[in-house]
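Listed here are the chains, written in short residue letters.
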Amino acid sequence: MAGIAKLRPARLALAALVVALGVALPARAIPLVADLSEHLVAITTGFAGADVLLFGAVEDEGDVVVVVRGPEQNQVMHRKSEVAGIWINTARAVFESVPSYYFVASSRPLEEIAETPVLRSNEMGLDQLRLNLRNRASPNIVEQWRSALIRNKQREGLYVREPQTVTFLGDNLFRTTVSFPTNVPVGLYRVDTYFLREGRIVSAQTTPLNVSKIGLEAELYSFAHDHAGAYGVVAVVFALVAGWLGHLAFRRP
Amino acid sequence: MQIYLPIAEISLDVFLLLGLGGLIGFLSGLFGVGGGFLMTPLLIFIGVPPAIAVATQANHVVASSVSGVLGQWRRGNVDFKMGAVLLAGGFVGSTLGVALFSLLRGLGQIDLVINLSYVTLLGIIGTLLMMEGGRALLRRRRKVAPRKAHVHNWAHGLPMKMRFRKSRLYISALLPLSVGFGVGMLSAIMGVGGGFILVPLMIYVLGMPTSVVIGTSLFQIIFVSANVTFLQATQNQTVDLVLALLLVAGGVIGAQFGSRMGARLPGDSLRLMLGVVILGVALRLLTELVVAPDDIYSLGVG
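Just so you know, the sequences run in chain order S and V. First residue of the first sequence: 1, per the numbering used here; consecutive thereafter. First residue of the second sequence: 1, per the numbering used here; consecutive thereafter.
So that you can see chain V by itself, here it is in the shape it has in the complex (with noise of 0.2 Å):
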């Protein structure tokens, strides 16, 4: 059954977008990433063009992380003053990325631009995953002594110490700034809600136990995300509701039940399977880099 979208232009299968959203919303439940590196990609995939598929899926990623975050809340897995210190940094990076994102569009390389970023981030971040996740699975059936709860390191000696009982850290609030201003700016770049950078962020910067990192990453994430869609809706008119509202429909129910199987599978393993994912999804879009283009002429926008 064929839908049309009146912003993107364009008629769909009304099946393909609610199963499409329903995979997302799975992952992000699962996971805890707002699955937009994924959303993004496929839905250019399918035929939507660039500038909606980002713009739509940050409006998809609010309505998901907001359907997650309530259920980590009810387990009490989220860290709100945590939460409200990365996001502090997000909106100060999210919006001058917006401008770089601007600028790099006036210079006419913004596909190329944010196809490298993906390529990169989802390399280093999935390889990392992969070899933690699988190390520590190998460790696990080898029966070794588990690791110690973190490392003190040079961080430890900043300024501006904070306590975060829910994390279980005292550390200085200028890490999940920073954290939260650079994740903020990529996410505006890349158009993504920036969970799959902010997870392993979380987990390997600042320390924090796993089980808090999905649900505090969430929740920064929809104040995040909110943001973009304005500002892609209020400069662009970009956000196609009709494919929200497809998406979003597949998302909620979708991630309900990835979050409740990522709350019975154990950390190591979910990283090790974030990690698959993460690094599949590199190697697809370094594929279009690097592989001859059937035709090198391609029509523009504008």
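Bound conformation, chain S alone (with noise of 0.2 Å):
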């Protein structure tokens, strides 16, 4: 429910984009126009996840890819082992400035717009990801590693399980929608949005969308990391008073 309020007033900036266009095509012809329906993801307490429409035109006949990555950041991971009947951490990989969050959608699949070249350079799809391990291994170990980590990041619901569409309404309109889970990592994302002829990028657009706390959870989170004392003596003393309530409420007469 709550996601179509939210895509209402996405739907209210596309028909203005229709009408705009209209009016502006015949003059002068843009190659690629995009534009997000929210430029700021709010995390307040109700928070369950989010849903951000991207939509634009492009000015003639051709394919729309979409890359979203979230801020990056060096990412740790285990893998386990038997030892002893028990299964437990025994290597450890470390993986460099990888994107904390990853969407792509495309409005062909991206195998049939572009050679592997074009993919790899502009990070378009899952297989095409740059992630670089820290330790040195061989090519098959780095493979094993890597895709253990696209897995968990998958699972985590943080990197997209496979390509999305780019619906295309009409020949010039097109839309996808990008989905954020509540877990998702807050921070500066980067939307890019590429028109592609003929397996060559056209044009291209970047647009910044911010992932933030907003209100009385923000307010809580600096409280916790600038004043660390002052938050434990407060969790201390709301445990005491809460517990001190909670017996005069169900104390018998």
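In case anyone wonders, no lab produced these hints; they're calculated from the structure. Fair warning: there could be bad hints in the mix.
[As the list claims (entries may be wrong)] Below, computed lysine to aspartate or glutamate pairings styled on EDC-like, alpha-carbon distance capped at 20 Å:
no.	chain 1	residue 1	chain 2	residue 2
1	S	K213	S	E38
2	S	K80	S	E143
3	S	K213	V	D295
4	S	K213	S	E72
5	S	K213	S	D51
6	S	K80	S	E156
7	S	K80	V	E288
8	S	K213	V	D13
9	S	K213	S	D226
10	S	K80	V	D111
11	S	K80	V	D295
12	S	K80	V	D294
Hints in hand, dock the two standalone chains.
Structure representation (structure tokens):
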């Protein structure tokens, strides 16, 4: 329900764009225009994930690819093995500058749109993600760690399971929906929209997207991190008072 | 209804968390255990990051223990002198335990150590409690004469003897001090209040009457858990107040019902039931250790 309500202003914006383009297109052709229904994913008390609509228009026929990347971070990974009947972490690897979130959508299957070098240089598709393992290892081992990282990220809902579709409305207008789960990392996201024709990128546009905590959630978070001592005292006092209140409320006369 | 937890950085259902708090609170009031040994695995199971689960439930234990101890105090079931001696050992133990925790985390094997500690301790204590409770129940049915009040052994030869009137004991202060120290240390490493270890130790090692064991252990647990909460908040920023609020709201209510029911049930049945619950948790954790995981690779933190 919330998702539909959220999309409604986006539909209006899309309609407005249609009208605007109808007026603007004959005057001067723009190869690619794209925008998001929201530029801020606000994490509030009731946050249960969010859908952001990406919409836009292209000047003539071609393919559209959308790539969304979350803030980069180093990612530690563990591998378990059985030691004396117990499964324990025995190996460790670190990937450098891994996107914390990754989404890709295209108007046709990626391999039909462009050759591998083009896909690779723009990290279009999970197979083309540049994931640098800090440890030295044979290509075989690197591949195992790499696919494990993607698999685990997908399980957490942070990497798209398979490329989503960019839907065309008529010849020029396109749209796709980017979904963010509840455990979405905060930070500045990068939304890249590419317009390709005959396997070559004709035009590209980068749109920033901010994911951040808003209101009480943000204040509690910064309180816990900036004034840790005071936060600890508040936590203990709160628990003492709550326990006492509980006792009072249920005391038999 | 989903609610976003600002420190854990995930959304969970409000009623699931309230219910979980209530269930643990009920068990806490019934058995006089903090409930952390159950709360930590359950929170992790529903998706709360382990570090947050451990720290936040320590805060929850403070609240449910206060609520429980006040009820016990009104019935005169708290031995404050014994509690204070246990606490002295507990503070030293938990401070050392936190240091050991950091050391193990540096070595990268803290999860394994926590899991193994749980399985070992819960397994031993659960079995003991079940055997004891079961035997006592059978004995009562066969109408055999009850056990002696307490047995004299080597421990009675230790120095620093103290009189604990409420517990009707005259024992060396070194005993409760070392029990407090050991439990404080374990509770810091395992991130629990320690009631499930403390209660059996008070019964079997100190020889305290079951009636005062629950109130006295809750009294000691309040302070040790408060210490853990504060240390976790300042060192790791892992206490989630929103999560704690929900768990506590459910917990204080549950604890009231639990402590009333506990007052009506005989001690032997309580031991048998606690034994069953503890063994259940131990088996669940053991399964996680020995059964091959779905994916041998996992994401680490940091």
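Within 20 Å, alpha carbon to alpha carbon, are K213/S and D51/S? 16 Å, holds
Quick one, are K80/S and E156/S close enough, alpha carbons at most 20 Å? 19 Å, holds
Agreement of K80/S and E143/S with the hint, judged by alpha carbon distance not exceeding 20 Å: 17 Å, holds
Is the Cα-Cα distance between K213/S and D226/S 20 Å or less? Distance ~16 Å between K213/S and D226/S Cα, so the pair holds.
With the threshold set at 20 Å, check whether the alpha-carbon distance from K80/S to D111/V stays at or below it. This hinted pair holds, its Cα atoms lying about 12 Å apart.
Verify the proposed pairing of K213/S with E72/S, using a straight-line Cα cut of 20 Å. With a Cα-Cα distance of about 18 Å, the restraint between K213/S and E72/S holds, given a limit of 20 Å.
With a cut-off of 20 Å on the C-alpha distance, tell me whether K80/S and D294/V pass. 11 Å, holds
Check the hint pairing K213/S with E38/S against an upper bound of 20 Å on the C-alpha distance. 15 Å, holds
Could you grab the alpha-carbon distance between K213/S and D13/V and see if it respects the 20 Å cut-off? Within the cut-off at roughly 19 Å; holds.
Holds or violated: K80/S with E288/V, Cα cutoff 20 Å? Answer holds: K80/S to E288/V is near 12 Å, not above 20 Å.
Hinted pair K213/S and D295/V, Cα distance within 20 Å: Since the Cα atoms of K213/S and D295/V sit roughly 32 Å apart, the hinted pair is violated (cutoff 20 Å).
Under the criterion that the straight-line Cα-Cα distance not exceed 20 Å, is the pair K80/S, D295/V satisfied? 9 Å, holds
Hint 3 alone, counting from the list given before, is not met by this structure.
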